[in-house]
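Colleague: With the sequences and hints as input, model every part of the structure.
Protein chains in written order, with the numbering used here: chain A, 1 to 413; chain B, 414 to 604.
A couple of the hints might just be wrong.
To be verified - Example chain A residues on the side facing chain B (calculated, C-beta under 8 angstroms, incomplete): (1) Leu29; (2) Ser31; (3) Asn34; (4) Tyr89; (5) Gly91; (6) Asp92; (7) Glu96; (8) Glu107; (9) Ile240; (10) Ser243; (11) Thr248; (12) Ala250; (13) Val253; (14) Gly255; (15) Ala300; (16) Arg351.
As the list claims (entries may be wrong) - In silico contact screen, one side only, chain A against chain B (beta carbon under 10 angstroms); selected entries: (17) Asn30; (18) Leu262; (19) Gly266.
Stated by the list, open to error - 25 angstroms max Cα-Cα, derived DMTMM-like pairs, lysine to aspartate or glutamate: (20) B:Lys494 - B:Glu468; (21) B:Lys515 - A:Glu41; (22) B:Lys486 - A:Glu41; (23) B:Lys486 - A:Glu157.
No wet-lab data here; the hints were simulated from the structure.
Beta carbons: idealized from backbone N, C-alpha and C, even for Gly.
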Amino acid sequence: MPRLPTSLLRKAYAIDSLLPPLLGPCRDLNSARNELRWLREHVDKVSRARYTKGGSSAKGGLLRTLVRKRVSGGKPIGAPLQYGLGTEYFGDLEIEVRPGVLIPRPETAASVTHLTRLVRDARELPTELRILDLCTGTGCIPLLFHDVFYSVRSDVELRFLGVDISSKAIALANRNLQRLRRSKKYVHKGVTEFMLADVLVNPFADRARRPDEPLPLKSALNFNKKRVFWDILVSNPPYISPSAFRTTTARSVRGFEPRLALVPPGEAGRSDTEQGDAFYPMLLVAAIDAEVKIVLLEVADLDQAYRVARMAQGMQVYDGIEIWRDQPDQAHDGSSQPSSEFPIIGQGNGRSVLCWRGPGALWLGKNNGEASNAGPLVQKPYSELDSVSKPEAVHSSLHPESFMQMQGGRRNV
Amino acid sequence: MQRLVPLLRLPSLRRSAPILGLRQSNIHPCPRLFTASCRPAAKNLPPRRVIHDSEIEENFLKGSGPGGQKINKTSSAVQLKHLATGIVVKYQDTRSRSLNRKNARMILGEKLEELEKGEESRVRVKAREKSRKKASSTKKKRRKYRGLEGAKDEVADEEGLEGVEESAGTSESEAKDLAKDGTAGKAGGAG
Numbered sequence: 001m002p003r004l005p006t007s008l009l010r011k012a013y014a015i016d017s018l019l020p021p022l023l024g025p026c027r028d029l030n031s032a033r034n035e036l037r038w039l040r041e042h043v044d045k046v047s048r049a050r051y052t053k054g055g056s057s058a059k060g061g062l063l064r065t066l067v068r069k070r071v072s073g074g075k076p077i078g079a080p081l082q083y084g085l086g087t088e089y090f091g092d093l094e095i096e097v098r099p100g101v102l103i104p105r106p107e108t109a110a111s112v113t114h115l116t117r118l119v120r121d122a123r124e125l126p127t128e129l130r131i132l133d134l135c136t137g138t139g140c141i142p143l144l145f146h147d148v149f150y151s152v153r154s155d156v157e158l159r160f161l162g163v164d165i166s167s168k169a170i171a172l173a174n175r176n177l178q179r180l181r182r183s184k185k186y187v188h189k190g191v192t193e194f195m196l197a198d199v200l201v202n203p204f205a206d207r208a209r210r211p212d213e214p215l216p217l218k219s220a221l222n223f224n225k226k227r228v229f230w231d232i233l234v235s236n237p238p239y240i241s242p243s244a245f246r247t248t249t250a251r252s253v254r255g256f257e258p259r260l261a262l263v264p265p266g267e268a269g270r271s272d273t274e275q276g277d278a279f280y281p282m283l284l285v286a287a288i289d290a291e292v293k294i295v296l297l298e299v300a301d302l303d304q305a306y307r308v309a310r311m312a313q314g315m316q317v318y319d320g321i322e323i324w325r326d327q328p329d330q331a332h333d334g335s336s337q338p339s340s341e342f343p344i345i346g347q348g349n350g351r352s353v354l355c356w357r358g359p360g361a362l363w364l365g366k367n368n369g370e371a372s373n374a375g376p377l378v379q380k381p382y383s384e385l386d387s388v389s390k391p392e393a394v395h396s397s398l399h400p401e402s403f404m405q406m407q408g409g410r411r412n413v
Numbered sequence: 414m415q416r417l418v419p420l421l422r423l424p425s426l427r428r429s430a431p432i433l434g435l436r437q438s439n440i441h442p443c444p445r446l447f448t449a450s451c452r453p454a455a456k457n458l459p460p461r462r463v464i465h466d467s468e469i470e471e472n473f474l475k476g477s478g479p480g481g482q483k484i485n486k487t488s489s490a491v492q493l494k495h496l497a498t499g500i501v502v503k504y505q506d507t508r509s510r511s512l513n514r515k516n517a518r519m520i521l522g523e524k525l526e527e528l529e530k531g532e533e534s535r536v537r538v539k540a541r542e543k544s545r546k547k548a549s550s551t552k553k554k555r556r557k558y559r560g561l562e563g564a565k566d567e568v569a570d571e572e573g574l575e576g577v578e579e580s581a582g583t584s585e586s587e588a589k590d591l592a593k594d595g596t597a598g599k600a601g602g603a604g
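Modeller: Listed below in C-alpha cells is the structure:
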C-alpha cells in the first residue's frame, strides 16, 4: 500500500484532528470525512439515548474510542466500520452486525432485490411461497426479501427459513427479525424462522457426530419439524479459496470477519479451487432434495460462476441457467461480453448463478417453450403433500429422472 | 421538573384542571390545547419530474477489485449521469445505497426541472416563497426594533441622561427585560 502523503495528512488535520487516523483505512479524504460524519452521527445518537436514561451525555471519549477501534483494533489494520457502528444497510433495511458474523454486502442486496422484484411481478404464485436461505448469517436475505415483496404485494404468504452453522449467527438473525418487527414499516405477514444446521455434512456419512456439532441440514429439518419442500433456495455460502483469501481478500476482512463465513473448510486431497467451490455441490443437492424451483447462489467471480453453472447443468433438471453480475437490474454494455454457454445479465463482476425449472420459469417471467409444455399448473396446498418424514424425499436426489416423474405425478394428484 | 414538561403536556390538560406542580413552576400556566388543524400542505407546487431509468446512466463508484465477500467497503456512493444533458450528480452522504440512489435522483430531478422549466420549476418556486417569507420577517423585525428604538429614545429624553449613544447596549437590554416583564405580567394575569 502506498504511503499517504504528508500534505494530505496535514490537510486532513486542518479540517478535523480525528481525520488523519481515519485516512489510514480509508485512503482518501472524501471517504474519511464520510466515515467521520457517520461516526459522529452514531455517537450523537448513543449519547442522546444515554442522556434520556439518566447517564452522561459525554461524546468526545466515545468518538475517540470508535476512531481508535476503526484504526488499530489491536491489529495492523482497522476493524470494519460496521462493527464499530453496530449496523449496516442492506437494501432499505438497517441490519445489526456483530463480530463473529459476516457483514452483509451490497452486491448480495442487489441480486436478492432483483430476484424478489422478478418473483413479485409474477402473475401466478402459490398461496404459500417458501424461501430457504442457507448460510444466512445476519438473516439479511430473508428479511430483505420479505421487505421488498410485501412493499407491493400482499396476496401471498411467505415462509422463510434461514439456516446457519453458527449459533452466534442464528441469535443475531433472530435479533434482527425482532428489531424489524418493532419498526413501523414492517408488514406483519408470513413466517420467518432461523435454524441451526450444517449444510456441508452428509447425513449418511458413517462418522460419529460430536454432541455439540449442529445436525446435518436434512436431519435438522426433520428434527425441528420444518417443511421438507421449498420453492426458492437462496444462498451466499463461503466461497473464497484459501489462496484467494491470502492474496485478493482485503486485510480488514481477513483480520476481522469470521473465516468460517468466508472460506469453506479444507479436506485432504482437495485442490485450492475445489475447496473454494466446496459448498456448491451440497447446495445443489439440497435444492433437488427440497424440490426447489428457483436457485440463486452467490459466487466470487465469473470463473466460479461458470463452474457453478456447469455443476447445475450436470444435474440435468434445470430448464434454464443464468449468470448475474453485480448489478443485474442494469442493461449490460455489450462491449465486454464474452460469448459463452450461459447468458450473462447486468453490469460488474460475475456475482451469482440463477437456475430455474418447472413453474420457476413463470415466476421469473421467463416465458420460454418449457413453461407452456408443463401444462396448466395446479398448485396444491403443501400441507396435504409433504409429511415431515416423507421417505421418497431422501432418495429423490439419486435419480433426477425418476424424481422428475415423481414431481409430475405429484402435480396431477 | 423541567424534564417532565413534555410528559405533562397531554391533551387531557384543561384550564380547569388544577395541577399544583404546574402552577408552582414557571411553566406557561395555560398549556396549549390540542387542536385538530394541521399545517397546510405545500402550496400548489409544480409536480416533481420523473426520471426514467432509460434516461440515465447509473454508476456505483467502487474501488477496483473483486467485490463480494472479499472486500468490505463502506462507501455506497452513487453517480448518475443524465445522457441527454450530460449532468452528473454524485451522492454519498448516507451509508445506505438505496437512500443514496433516491437522493441522487431527487437532486438530478430538481436540476433537470430547473433547466427545462426555468422560473416555473419547483426549486425556483420554493426559493421565491422562501425569500418572500424571509423578506417579510425581516421587515417585521425592523419594524419592531424601530418601535423599541423609539421607546428608548423617549425614555432617554424623559430622564435626560447624558451619553445615550454609550449606553445604547444596556438600554436595549433593559427594553428587552421590560418586554419580558410585560409578557410575564400578561401571562400571570391570564392564569
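Colleague: A separate judgement is required for each hint: does it hold in the structure or not?
Modeller: Quick rundown of the hints versus the structure:
no. : hint                : in the structure
1   : Leu29               : 12 angstroms, violated
2   : Ser31               : 5 angstroms, holds
3   : Asn34               : 6 angstroms, holds
4   : Tyr89               : 4 angstroms, holds
5   : Gly91               : 6 angstroms, holds
6   : Asp92               : 5 angstroms, holds
7   : Glu96               : 14 angstroms, violated
8   : Glu107              : 5 angstroms, holds
9   : Ile240              : 6 angstroms, holds
10  : Ser243              : 12 angstroms, violated
11  : Thr248              : 5 angstroms, holds
12  : Ala250              : 4 angstroms, holds
13  : Val253              : 5 angstroms, holds
14  : Gly255              : 11 angstroms, violated
15  : Ala300              : 6 angstroms, holds
16  : Arg351              : 7 angstroms, holds
17  : Asn30               : 7 angstroms, holds
18  : Leu262              : 6 angstroms, holds
19  : Gly266              : 17 angstroms, violated
20  : B:Lys494 - B:Glu468 : 9 angstroms, holds
21  : B:Lys515 - A:Glu41  : 20 angstroms, holds
22  : B:Lys486 - A:Glu41  : 19 angstroms, holds
23  : B:Lys486 - A:Glu157 : 35 angstroms, violated
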